[in-house]
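**Student:** Here are the chains, one letter per residue:
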Amino acid sequence: MGVVVQTIGFGIAAGAVISLGAVGFTVQFGISNVLNITYGAFMTLAAYLGYWLLNRGLDVWVALVLVGLALALISVAFNRAFLSPLQRRGAGFVSVVIGTVAAGIILQGVIVILVGPGAITYGAQFGRTVSGLGFVFSVAQLIIIGLTLTLMLGLHLLLTQTKIGRAMRATSTNRTVARACGIRTERIIDLTWLLTGFMCGVAGVALAVTTVTFDFSLGATFLIYMIAAAVLGGIAQPYGAMIGGLVVGVASQFGAAYWSPAYQDVVAFTILIIMLLIRPRGLFAAAGVARRNLSAT
Amino acid sequence: MTGYEYYVVVLLVYFGTFLIAAWGLNLEFGIAGVPNFAYIVLVAAGAYTYAVLTLGPDSSNGGFQHYIYGAHLPFVAALLCASAVSAILGAIIGITGLKRLRPDYQAMAMLVVSITATTIVVADTGLVNGSAGLALIPNPLHRLQGSQQGWGYVAMVGVICCLVYAVLRRFSSGPFGRLLRAMRDDEEAALSVGKNVVALRIAVQAVGGGMAGLSGALLVGFIGGWSPSAWLFIETMALLTAIIIGGMGNDWGVVIGTLIVPTLIVQGVQFLPTVGNNPELIPQLGWIILGLLTIGFLFFRPVGLVPEGRATPFRQGVEPDDARPLDARRDHALLSFVSTLPERPAPILATVPATGESGDILSVEALVREFGGVRAVDGATFTVGRGSITGLIGPNGAGKSTTLGIMSGFIKPSAGAIRFNGADVTNAPAYRRARLGLVRTFQLSREFGSLTTLENLVVAAPRARSESALGVVGGRRYWGLEEKEIKDRARELLALFQMEDKAAERARNLSGGQKRVLEVMRAVMTEPALLLLDEPTAGLSPLLTHRLGDACLALRQEGLSIVLVEHELETVERLCDTVVVMVLGKVFAQGSMADLRTRKEVQEAYIAG
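Sequences listed follow chains C and G, in order. For the first sequence, counting from 1, position 126 maps to 126 in the numbering used here; every step adds exactly one. For the second sequence, counting from 1, position 264 maps to 264 in the numbering used here; every step adds exactly one.
So here's chain C without its partners, still in its complex pose (with noise of 0.2 Å):
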């Protein structure tokens, strides 16, 4: 029994960082219907910030907000300059995808460059543990799991009862009926970028906190189980994100302690896979969301 509670102690941690780097990435594909590849190297980056401002001597948490910020800006950016112009000249679904690859590779490729492949470390930010009812958590474990919960309160809130969240869902249903209806839909979009972008950023440092050592493909190798969070819990579903995200932490924690530790991907990949079979939009799928493309006339 013990070991069960600790599995799950140990999932629940495991998934917090995947929710709240899926919660971002979900609304993001959601909102703007891009599925932004970028988004794992644009957490990368935040890993570097993070680091690069931890060495000035600011606290960690502090650094996190700051690099969420700096890649909220920067998601804005990279969407104006490149996703936007690149929909604008028609490009589909697929060459977009293939475009934030690309977009991916580019700046893996320059942090490569610009600090070597060594692997770094943040040092222990772990904090002292605290626990209580057969579950061990770090303080910053627990500042992890706090922050997810918050963001993603907030993101579902903000999508389901305030007239900015019903103008971005009503821009991601029909972009073009939007702007007639009188949404300033370049705003809406504007403001996506920003929100998921500052996610992506948090969510960076975070998994930089939480993962003893990193390097350039932090984020690249993470994107998978974002993904998978994503897609079990229906894509542009901030609560679908979540509950995906401690899904795939639960159960490659499982997999880990009741099979091998090698098998721990292997466990939260088969779930996703089985998944995509038999309920292709996941489990809180959206309406009009995912069906867009498939309605008869």
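Quick caveat, the hints were computed from the structure, so don't treat them as lab data. Honestly, I wouldn't trust all of these hints.
[Stated by the list, open to error] According to the in silico footprint, chain G covers these stretches of chain C (three or more CB under 8 Å from chain G): (1) 17-26; (2) 168-178; (3) 223-232; (4) 255-266.
[Unchecked claim] Chain C is faced by these chain G residues, among others (derived, beta-carbon under 7 Å): (5) P103; (6) M108; (7) Q148; (8) M237; (9) E280; (10) I282; (11) Q284; (12) I289; (13) I295; (14) G471; (15) V472; (16) V473; (17) G475.
Backbone N, C-alpha and C define an ideal beta-carbon position, used for all residues, glycine too.
Fit chain G to the supplied structure of chain C, relying on the hints for placement.
**Tutor:** Okay, now just chain G, sitting in the frame of chain C:
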């Protein structure tokens, strides 16, 4: 072998093996529109299969690497097995296409498959030696030495490339290539003209997979080692970039793209000396250039260096036996459409629908369709008389289009049944209904944009020999004559609708009205027994509307049954023998237009005034 010579040999072998893989991926993605982001997994599977089948039992080389099975197959047998394993794997991956997903969802799913495959290989060291990979894989030309071996391998890869090209063209060009491009341009439209899209996808992914396996086996036979780091998902990107730069959908463009991209940039730069103390600098520079090239082409030349040509070469009016009937028609071009009808030498329909049987061709029984809590169709029941034109009218939101979607198999009913020609087709997939003769058009035109108007019609011909396995094997000798007949029929149809001058125009360049007409012509091309037209006159000028009406009447004369969803009552009155009025998902009334006009409740519900 000198350093320089070795360099050239390596580049040439890489070029040849990459080319085979790039052709395969281009067939899948560029031509058939399947975004297979897991393609490199199939290359890897071929490489591993070849390795395991030639290395012998894993105890035979000191036991420093372990893997499953292990055999000493001769080179050719191992090569063919590698190709077959990847083909099967490709078909299995293709089954994911059973779930019709948005293309970016598919891409994402493929990405996951790719990375999962890597994870499995890295995790399980019993399978193919985990992340360390396999080494000492025998070179098939191990009896030769030095430059003989090197150039021998280049020659062998060259010959295999030529063979692969010959096979590839059977799928990527001619009628079969046209069929794949139609599927790529619009999957639903392909279904509506009776194409089994799922089977096509699986077939294409099997062929593409076979090519991937061949490529992997040839590569690994040359380099002698293979590990997960050689087939990261990013390698699929290198191939995709080659395709985008060379020209998506163009086999020769891919040759150029492969020369530029993977060979020179990704592999070429690895032979350059290392600069400074950063060993990652050179390979990363290669990737950066690759990324920049991709973005540059996506922005400034998305069609690539050698754009995709027409699916089938078009020779305007040069076929002598073709020209006569066209010229004969042109004389009448200025006359009104109807006056040309009695002079028609041949019927519009190639096969006359069976008119001998009496009674109803289609019956809709207690049809229900719920969307969430909304009952779009709520127990609709009506019949369609054989050889008649039945109008389906009603206010917006009455469930007419949904009913039509269910009749054609594009929407699954929540309850109820559809009987066509006496057979229950409620659960038959859309393409099968189309093949039975139950063919629909779409409210918003869905044309095969990259095909010409003529090709749009030709591709819709049913049971074409060129689309069968025998046709792919037999080639033009097997289907050439039939292809010509189909083209003749398509030209007659074009003449009938006065669209001959648009025959060579790509469909995406047609006007809205022309696209509507094309939609109807394409449906007629499938030799239907019952045509379901969803607001065919929406957005048409009065003249074109009238002309389309004439065509419907002429088709009925030949025994075709038609269901017409229509808002323009004048058109309904003119064409329809029977009219079904739907309101709120239910059939409100059924009868002749004259009959309905006298009924007060119908007037109140719909025909106000």
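**Student:** Indicate, hint by hint, whether the structure satisfies it.
**Tutor:** Status of the hints after comparison with the structure:
With a threshold of 8 Å between beta carbons, the proposed coverage of the stretch 17-26 of chain C by chain G is violated, since 0 of its residues qualify and at least three are required. Given a C-beta distance limit of less than 8 Å, the hint that chain G covers the stretch 168-178 of chain C is violated, as 0 residues qualify and 3 are needed. Residues of the stretch 223-232 of chain C lying with their CB closer than 8 Å to a CB of chain G number 4, which satisfies the three-residue condition for coverage. Here's how the stretch 255-266 of chain C fares: 5 of its residues keep a CB closer than 8 Å to some CB of chain G, so the rule of at least three is met and the hint holds.
At about 5 Å, the closest approach between the beta carbon of P103/G and any beta carbon in chain C falls short of 7 Å, and the interface hint on this residue holds. For M108/G, the shortest C-beta to C-beta distance to chain C is roughly 6 Å, which falls under 7 Å, so the interface hint holds. With 7 Å as the threshold, the beta carbon of Q148/G stays out of range of chain C, its nearest partner Cβ sitting at about 38 Å, so the hint is violated. With 7 Å as the threshold, the beta carbon of M237/G comes within range of chain C, its nearest partner Cβ sitting at about 5 Å, so the hint holds.
At its closest, the beta carbon of E280/G sits 4 Å from a beta carbon of chain C; the interface hint therefore holds under the 7 Å criterion. Hint on I282/G is violated. Least Cβ distance to chain C is approximately 10 Å, over the 7 Å limit. For the restraint placing Q284/G at the interface with chain C, the shortest Cβ-Cβ distance is roughly 4 Å, inside the 7 Å limit, so the hint holds. Against a cut-off of 7 Å between C-beta atoms, the interface hint on I289/G is violated, since the closest Cβ of chain C lies about 9 Å away.
For I295/G, the interface hint holds, the least distance from its beta-carbon to any beta-carbon of chain C being 5 Å, beneath 7 Å. Annotation: G471/G was flagged as interfacial toward chain C, and the flag is violated, the nearest CB pair being 29 Å apart, outside 7 Å. At a threshold of 7 Å, the smallest CB-CB gap from V472/G to chain C is about 26 Å, leaving the interface hint violated. Given the 7 Å rule on beta carbons, the hint for V473/G is violated: about 31 Å separates it from the nearest Cβ of chain C.
The beta carbon of G475/G is not positioned within 7 Å of any beta carbon in chain C (closest approach about 31 Å), and the interface hint is therefore violated.
Hints 1, 2, 7, 10, 12, 14, 15, 16 and 17 from the list above are not met by this structure, while the remaining hints are.
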